Amino acid sequence: AQSVAQPEDQVNVAEGNPLTVKCTYSVSGNPYLFWYVQYPNRGLQFLLKYITGDNLVKGSYGFEAEFNKSQTSFHLKKPSALVSDSALYFCAVKGNTPLVFGKGTRLSVIA
Amino acid sequence: IAGITQAPTSQILAAGRRMTLRCTQDMRHNAMYWYRQDLGLGLRLIHYSNTAGTTGKGEVPDGYSVSRANTDDFPLTLASAVPSQTSVYFCASSAQGLAGGNEQFFGPGTRLTVL
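Sequence order for the protein chains is Z and C. Going by this note's numbering, the first residue of the first sequence is number 3, and it counts up by one from there. Going by this note's numbering, the first residue of the second sequence is number 1365, and it counts up by one from there.
Read the hints as simulated data drawn from the structure, not as lab findings. Quick caveat, the model's predicted, so the values are computed rather than measured. Treat the hints with caution; some may be incorrect.
Unchecked claim - Calculated Cβ distances over 10 angstroms to all of chain Z for the following chain C residues:
| # | residue |
| --- | --- |
| 1 | Pro1372 |
| 2 | Arg1386 |
| 3 | Val1424 |
| 4 | Ala1433 |
| 5 | Asn1434 |
| 6 | Asp1436 |
| 7 | Val1446 |
| 8 | Pro1447 |
| 9 | Thr1450 |
| 10 | Thr1477 |
Claimed, not checked - Where chain C lies over chain Z, by a calculated footprint (3+ residues, C-beta under 8 angstroms):
| # | region |
| --- | --- |
| 11 | 71–78 |
| 12 | 99–106 |
C-beta: ideal position from N, C-alpha, C; glycine also.
Given only the sequences and the hints, what does the whole structure look like? Please build it.
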């Protein structure tokens, strides 16, 4: 069975500092990996995905994620955080079954 | 382009009542999904449909049913609501279902309270 772990419920970072939101996964075969963001009272929005190819994936709003097969990780990163990045972030994995989401990490960027 | 619309936006429902949550997409996507979002549990898949005319069970299907009569619509029905079905419900769609790596597009959600 496939699964996703987001080990941090909350991440706090100062504006302008780099941010990392962690994600590890378990899946049979080659994974499809996704990051989504959710702003208050809104649906999820797609940020980026890894399907195949370059391990460093660039997405919306300056976010990027690095696929690490040996560590089964797909951490979300941004070089310089903005207050407007404060939101709930979900990692998700898909093998040959429907998408499975992690429990989410709340990111707070402090001015 | 509206993307995915859901109705109602919110609803308070008496236990035992029947309720249908509506979802419509205008992207001509093959696959559609229903999730529930609960604090601390993330999103859990209720039911999905890879293409019109087919449906499948997700992680938490009990107490819910779906139908997919056409490409655009994917209603979710609670036959007899119970308080544990209080949640925020999201509909989503993707160009492909199980076979592809396409991202999903989400609707704005329906907040349901069962008393």
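Now for the hints, and whether the structure bears them out:
1. Pro1372: holds, 14 angstroms
2. Arg1386: holds, 15 angstroms
3. Val1424: About 12 angstroms separates Val1424 (chain C) from the closest Cβ of chain Z, which puts it past 10 angstroms; holds.
4. Ala1433: holds, 21 angstroms
5. Asn1434: About 21 angstroms separates Asn1434 (chain C) from the closest Cβ of chain Z, which puts it past 10 angstroms; holds.
6. Asp1436: holds, 18 angstroms
7. Val1446: With a cut-off of 10 angstroms, Val1446 (chain C) remains clear of chain Z, as the shortest Cβ separation is near 23 angstroms.
8. Pro1447: holds, 22 angstroms
9. Thr1450: holds, 16 angstroms
10. Thr1477: holds, 15 angstroms
11. 71–78: violated (count 0)
12. 99–106: Check passed, 8 qualifying residues.
Violation of the numbered hints given earlier is confined to hint 11; every other hint is satisfied by the structure.
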